[in-house]
Amino acid sequence: MGVVVATPAHAADWDLSRAGILVVADGQGTSRVAAELLARDLVSLGGKPSGIVEDQATCAATCIVIGTTDSPIVQRLARAGGVDLSPLRGGWERYVRAGVSVAGRRYLLIAGSDARGAVYGVTDLSRALGVSPWEWWADVTPRRRDRIAVSDRTFVSREPSVKYRGIFLNDEDWGLEPWAAKTFDPDKGNIGPKTYQRVFELMWRLKANTLWPAMHSVSTPFFGDPGNAPLAKRYAIVIGSSHAEPMLRNNLREWDEGKRGGFDFTRRPQAILDYWRERLGETKGQEAFYTVGLRGLHDGPMQGVTTTAARRSILEDVVGRQRGLLADTLGKPAAQVPQLYVAYHELQEAYDAGLTLPSDVTLMWTDDNYGYLRRLSTPEEQKRPGGAGVYYHLSYWGRPHDYLWLGTTHPALIREEMGRAWDTDARRIWMVNVGDIKPIEYLSQYFLDLAFDARLLDQSPREHLRRFMAEQFGEAEAGEIADVMMRFYDLAWPRKPEFMGFGQTEWVTPNRPSAYVQSDGEEAQARLAAYRALMDQASAIQARLPKDRQDAFYELVLYPIQGATLLNWRILSLDLGELYARDNRASAETYVFAARTAYMRLAEATAQYNAAAGGKWREMMDAAPRRLPVFDEPLWPSTGWGLQSGCGLGLWGSWIGDENVLTFTKGVPATRRVTLYTRQPKFAGWAVTKRPDGLTLSGERGRLNVDNGYEQRLTLSYDGKGEVAPVTLRCNEQTVTIHATALTPPKLDPGEALEDERRVTMPALAATFDADWEAIPDLGSQRGALRSRLALPTRQSAEQGTPATWRFATMTEAGANLRVVALPTHPRDPAHGLRAAVKLDDGAWQTVDFATIGRSDQWRQNVLTNTAVATLPLKSFAAGHHRVAIVPLDPGLILDRVELVLDGARPLYAPMPETAR
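So in full-length UniProt numbering, the last spot in the sequence shown is 917, and the numbers never skip.
Hints were generated in silico from the structure; no laboratory data involved. Keep in mind that the hints are not guaranteed to be accurate.
[Unchecked claim] With a cut-off of at most 30 Å between alpha-carbon atoms, the simulated DSS-like pairs for lysine-lysine come out as follows:
#1 K182 to K284
#2 K875 to K747
#3 K682 to K721
#4 K839 to K690
#5 K875 to K666
#6 K682 to K666
#7 K332 to K188
#8 K163 to K284
#9 K48 to K284
#10 K682 to K747
#11 K284 to K259
#12 K547 to K182
#13 K616 to K690
#14 K194 to K163
#15 K163 to K259
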């Protein structure tokens with residue numbers, strides 16, 4: 001975050017426990033607020049600061065000076081101490097921190113290039129002393145110490161990588177607004193200055209400088225409360241507004257159609273211009289970033305027009321008039337006023353259709369609401385003086401499904417997409433939708449850290465996460481907590497918890513049976529086991545943390561894991577119960593009971609969250625935002641028991657003759673899952689009576705009773721050496737046989753994948769590849785992906801490029817599907833697609849295109865599954881050695897894996913991270 005420019009031989013640690021704070025007055029009082037924050041932090045660390053003063057003569061013997069470089073006091077102290085302030089000249093949000101001794105008094109000088117530079121000098125000092133950015137918002141209580149020491153060496157901060165960096169408070173109806181109204185500021189009864197003060201403090205600590213305020217109809221508009229705007233000035237916060245709120249107006253609350261008429265620029269342009277002019281007059285003197293353009297009142301398309309061509313024409317007129325209003329009202333040329341055009345949905349379509357914008361207007365590209373940027377700047381657009389930026393979602397309300405609850409966007413995806421933005425020069429403004437702030441704390445900080453210091457794009461997301469956890473919980477636990485949270489993000493990658501109902505929103509559809517339970521239920525069982533292990537590990541960590549970190553760990557780590565686990569547990573257990581009822585298993589009722597237990601435990605966990613920190617967060621956490629079907633309490637079926645009796649086996653094998661046979665591969669150790677169960681809720685004892693020497697069962701004998709739900713899940717293991725043959729069990733008086741056989745593989749070449757259970761899964765990074773491709777670690781279902789280079793020119797044939805190649809072998813003659821699984825990225829710009837050429841063995845090249853159009857059904861499926869799949873059907877596929885080659889034809893395509901699925905393979909929703917090969 002900065003650079004030490006000099007370390008004098010006399011460098012020493014200064015104790016700030018009883019330091020005074022000298023405020024260099026500024027026009028808005030920002031330095032005073034920063035001094036008050038620092039004083040509070042010193043007290044929380046056990047210090048007793050001597051007070052905040054504005055007269056140098058009255059400051060304590062150790063005096064912290066907070067000001068900007070244009071202050072005479074700052075300049076005088078810098079000269080006396082030989083501190084070079086020239087690196088800050090003309091800088092943006094930079095600071096120098098240095099120890100200066102003058103006339104027997106020690107001054108810790110914090111000199112900012114501007115007000116925010118001085119603020120960041122203060123918050124960085126607090127952080128270096130042990131105050132987490134999340135000390136208030138996540139209850140990371142500062143630990144008291146006997147001595148609060150800092151080095152007096154000179155430190156010069158770097159300029160932020162992205163000039164404007166900020167958060168959008170959005171969809172606040174189920175968290176931030178009810179918490180503010182009922183718990184934090186009941187006198188106001190809404191989100192007001194008291195709440196925004198805490199938001200601004202957090203932004204200071206995270207070095208964010210721009211806010212898009214809460215804007216739903218439940219919230220008081222930001223400029224509707226007379227205390228908000230002056231507070232933003234005092235905190236030097238830049239105020240902006242979203243794509244749906246041009247010219248800092250909150251249309252949802254400020255345009256009353258009953259009084260003002262329809263919000264239709266084609267019919268009532270003067271009324272709308274007057275409406276915008278009102279706000280400009282109120283915000284004169286406010287540091288702001290004005291959104292230009294026009295959408296409908298309620299985050300919908302522009303009213304009065306139905307075609308892209310008509311929107312383009314209206315928008316050109318609107319933007320021209322808005323710029324005239326800015327110049328006339330603010331008294332300066334429009335080109336000197338920061339302006340955004342947010343290319344969101346139809347606004348991007350109008351821009352791509354030829355909309356002309358003034359070159360000083362910043363183009364803000366957006367993701368598709370699910371983390372994938374819809375557009376990047378072309379080389380020509382990168383020359384525009386207004387530059388470009390990004391609006392990104394970590395929380396979203398809308399189709400095909402909301403994710404407002406837990407914050408599960410994978411850090412590797414954030415790094416990939418913001419790295420794309422950085423590489424294509426979208427560096428003027430980055431804004432992130434953080435919903436209610438909680439529980440998206442870490443992801444919000446990661447986004448803002450990348451914005452402040454783009455060098456972090458070269459660091460692995462896990463290492464950043466480890467450092468974050470070390471700051472909150474200490475080095476000893478940081479590595480394990482980071483592993484736990486990366487596993488949390490990995491498990492949400494194929495399906496976010498909020499998507500587990502397999503329905504959609506807008507319009508809302510009912511829940512559907514989970515695709516994880518589409519065959520024998522083993523994929524659902526593996527997911528449940530993975531979540532259960534994750535929750536157990538997180539709970540074990542919490543048990544050994546000190547008391548002062550219990551609330552913070554629950555908020556930042558354990559509750560999100562509990563929430564995801566219990567929702568998956570409820571949904572998958574219920575679906576397994578229904579599946580097993582159809583299979584006449586006595587255990588079906590046990591799974592229904594487990595689902596009901598999970599539903600109740602989730603309510604208890606959410607109540608515990610709202611009671612954390614002595615009830616500080618009451619009303620903040622809602623485990624059912626928007627009351628969507630995925631969160632509803634289901635009808636709890638009583639599955640009962642059929643007329644069949646005796647014991648049964650649950651397994652998925654290959655049908656050979658009339659038998660369901662588990663297949664292994666000679667020489668390759670492997671395991672298969674087997675479930676032994678009773679069909680009636682009656683006790684049964686069982687034991688292995690015959691077993692070949694190459695196979696072992698995870699138990700040789702056991703009991704099926706009420707304690708285990710009348711079933712035992714077993715693992716059949718092959719040692720890769722011995723004989724493979726049927727295993728015989730005796731269950732009460734019944735003989736039960738696990739049929740098994742072993743296939744003979746061909747001799748494999750180095751790096752060659754082999755068919756297993758009629759399927760070959762080849763991770764992207766298992767390929768050999770050349771200049772057209774680059775490895776993207778940590779990303780995707782296989783913890784690594786291949787990306788065609790962003791600077792790759794569009795091609796028309798495979799012969800123009802270099803392939804990525806996978807080699808594999810099969811043992812089965814059958815029909816098959818070759819599946820090329822990519823991530824649902826979008827073309828870099830309108831001149832490109834997302835095509836690749838695919839060739840199997842010596843066949844012809846086939847072109848596949850992963851691009852989608854708008855919010856098509858295909859796009860919906862893609863973002864819900866985090867995949868974009870091209871399937872090549874093969875009527876017959878011979879056993880033997882094979883290869884797949886893929887050449888990129890467009891830039892920015894990301895491959896996750898290549899799969900060959902032979903007829904008869906067990907259907908799978910997704911390769912689980914813990915079982916990926």
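Each hint tested on the structure:
About 33 Å separates the Cα atoms of K182 and K284, which puts this hinted pair outside 30 Å; it is violated. For the hint pairing K875 with K747, the CA-to-CA distance comes to about 25 Å; that is within 30 Å, so the pair holds. A C-alpha spacing of about 38 Å is found between K682 and K721, which places the hinted pair above 30 Å, so the restraint is violated. Straight-line distance between C-alpha atoms of K839 and K690 comes to about 47 Å, which puts the hinted pair past the 30 Å bound.
Among the hinted pairs, K875 with K666 is consistent with the structure: their alpha-carbon atoms are about 27 Å apart, no more than 30 Å. Distance hint between K682 and K666 is unfulfilled; the C-alpha atoms sit about 39 Å from each other, more than 30 Å. Under the criterion of a C-alpha separation no larger than 30 Å, the hint pairing K332 with K188 is inconsistent with the structure, at around 36 Å. Distance restraint check for K163 and K284: the Cα-Cα separation of roughly 22 Å lies within the 30 Å cut-off, and the hinted pair is therefore satisfied.
For the hint linking K48 to K284, the alpha-carbon distance of about 41 Å lies beyond 30 Å, and the restraint is violated. Only pairs whose Cα atoms come within 30 Å are accepted, and K682 paired with K747 is rejected, the gap being roughly 49 Å. A hinted pair counts as satisfied when its Cα atoms are at most 30 Å apart, and K284 with K259 qualifies at roughly 26 Å. Restraint check for K547 and K182: the C-alpha separation of about 27 Å stays at or below 30 Å, so the hint holds.
Using a Cα cut-off of 30 Å, the hinted pair K616 and K690 is violated, with the two alpha carbons roughly 62 Å apart. At roughly 27 Å between alpha-carbon atoms, K194 and K163 fall within 30 Å of each other, so this suggested pair holds. Taking the CA atoms of K163 and K259, the gap is near 40 Å; set against the 30 Å cutoff, the hint is violated.
Violated hints for the displayed structure, listed by number in ascending order: 1, 3, 4, 6, 7, 9, 10, 13, 15.
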